[in-house]
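Visitor: UniProt numbering puts the first residue of the sequence shown at 1, with every later residue one more than the last.
Don't read these hints as lab results, they were simulated from the structure. The model shown is predicted, which means the values in this text are computed figures rather than measured ones. For every residue, glycine included, the Cβ atom is placed at its ideal position computed from N, Cα and C. Honestly, I wouldn't trust all of these hints.
[Said to hold, decoys possible] Simulated restraints on C-beta separations:
(1) E239 to R211: 17 to 23 angstroms
(2) R211 to E11: 30 to 36 angstroms
(3) A89 to E109: 27 to 33 angstroms
(4) R97 to G60: 38 to 44 angstroms
(5) E235 to G40: 56 to 62 angstroms
(6) S227 to P162: 27 to 33 angstroms
(7) L230 to H172: 26 to 32 angstroms
(8) S31 to L147: 44 to 50 angstroms
(9) I10 to D229: 46 to 52 angstroms
(10) G131 to E52: 20 to 26 angstroms
(11) T68 to E153: 38 to 44 angstroms
(12) S31 to R184: 52 to 58 angstroms
(13) E109 to S31: 29 to 35 angstroms
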Amino acid sequence: MANTPSNQSIERAVAVLQAIGTADAESVRASDIARIIDLGASTTGRILATLENLGYVRRGPQGYRIGTAALLLASQGLNHDPVHRESRARAQELAQRIGLTSNVGVRDEGRAIYLCHFEGARASKSHTMIGMDQPLHASALGKCLLLDLSEQERISLLGDLPKYTERTITDHADLGADLDVARRRGWAMEDQEVALGRFCAAAPIRDARGRIVAALSISGRISDLRSLDLPMVTEDVIEVADRISVGLGMITAVPEG
Numbered sequence: 001m002a003n004t005p006s007n008q009s010i011e012r013a014v015a016v017l018q019a020i021g022t023a024d025a026e027s028v029r030a031s032d033i034a035r036i037i038d039l040g041a042s043t044t045g046r047i048l049a050t051l052e053n054l055g056y057v058r059r060g061p062q063g064y065r066i067g068t069a070a071l072l073l074a075s076q077g078l079n080h081d082p083v084h085r086e087s088r089a090r091a092q093e094l095a096q097r098i099g100l101t102s103n104v105g106v107r108d109e110g111r112a113i114y115l116c117h118f119e120g121a122r123a124s125k126s127h128t129m130i131g132m133d134q135p136l137h138a139s140a141l142g143k144c145l146l147l148d149l150s151e152q153e154r155i156s157l158l159g160d161l162p163k164y165t166e167r168t169i170t171d172h173a174d175l176g177a178d179l180d181v182a183r184r185r186g187w188a189m190e191d192q193e194v195a196l197g198r199f200c201a202a203a204p205i206r207d208a209r210g211r212i213v214a215a216l217s218i219s220g221r222i223s224d225l226r227s228l229d230l231p232m233v234t235e236d237v238i239e240v241a242d243r244i245s246v247g248l249g250m251i252t253a254v255p256e257g
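Between the sequences and the hints, there should be enough to build the whole structure, so can you do that?
Guide: What follows is the structure, given as structure tokens:
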């Protein structure tokens with residue numbers, strides 16, 4: 001089947017929204033948006049006017065920001081997602097109980113995308129991670145989402161493995177060995193592989209057929225981890241992930257791969 005031709009107008013509108021959404025500032029001027037997406041000022045202005053009329057952007061004194069229509073659409077997408085519905089309350093309870101950050105992520109092609117993000121007392125932040133991504137090979141969430149793939153599928157999906165810190169695994173054989181350990185013990189570990197000073201442990205979430213469809217993690221600073229019992233933390237993560245899996249319909253044990 002031939003690929004359907006893309007719609008340039010829609011692509012440009014999405015580019016405008018992405019330019020606003022990924023900006024460091026709370027709002028972005030039209031001229032800066034045009035520069036970021038390499039589009040003429042008049043064309044960018046027309047797109048912004050249309051998006052503003054539809055409620056997808058909002059204009060203020062300092063420029064444009066994401067509008068309520070986009071927020072509503074995103075929340076509707078989350079509410080329709082069975083993994084989000086089943087994991088939200090349990091992930092929040094986990095963060096409160098342990099005091100660190102809990103996340104639920106799913107795989108979107110070669111990335112791990114956050115569906116849920118909750119902060120414990122030791123992990124307060126001024127922003128949400130929902131919708132943001134993590135590398136599959138370097139994050140505990142991502143490693144869990146790779147566990148169902150064969151070696152060839154994993155290599156084909158990931159290609160070269162980018163390095164983020166001195167601890168990042170950049171060799172496919174080493175990554176395979178790390179994933180084998182994760183399969184045997186039931187949880188994956190990220191030890192300062194994306195950012196120095198950060199530790200994360202994650203367990204897979206499965207659907208009614210036993211397939212890995214998401215992962216649940218608990219993360220925090222290495223200094224925070226020293227005051228916690230790691231075996232107890234990982235057991236808690238595995239148990240909560242299993243409860244979410246049961247909520248998604250999994251009723252049989254999954255044999256070791």
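Visitor: All hints are to be evaluated individually against the structure, with a verdict given for each.
Guide: Going down the list of hints, with the structure as the test:
no.: 1; hint: E239 to R211: 17 to 23 angstroms; result: 20 angstroms, holds
no.: 2; hint: R211 to E11: 30 to 36 angstroms; result: 32 angstroms, holds
no.: 3; hint: A89 to E109: 27 to 33 angstroms; result: 28 angstroms, holds
no.: 4; hint: R97 to G60: 38 to 44 angstroms; result: 40 angstroms, holds
no.: 5; hint: E235 to G40: 56 to 62 angstroms; result: 58 angstroms, holds
no.: 6; hint: S227 to P162: 27 to 33 angstroms; result: 32 angstroms, holds
no.: 7; hint: L230 to H172: 26 to 32 angstroms; result: 27 angstroms, holds
no.: 8; hint: S31 to L147: 44 to 50 angstroms; result: 47 angstroms, holds
no.: 9; hint: I10 to D229: 46 to 52 angstroms; result: 51 angstroms, holds
no.: 10; hint: G131 to E52: 20 to 26 angstroms; result: 22 angstroms, holds
no.: 11; hint: T68 to E153: 38 to 44 angstroms; result: 40 angstroms, holds
no.: 12; hint: S31 to R184: 52 to 58 angstroms; result: 55 angstroms, holds
no.: 13; hint: E109 to S31: 29 to 35 angstroms; result: 33 angstroms, holds
Violated hints for the displayed structure: none, as all numbered hints are satisfied.
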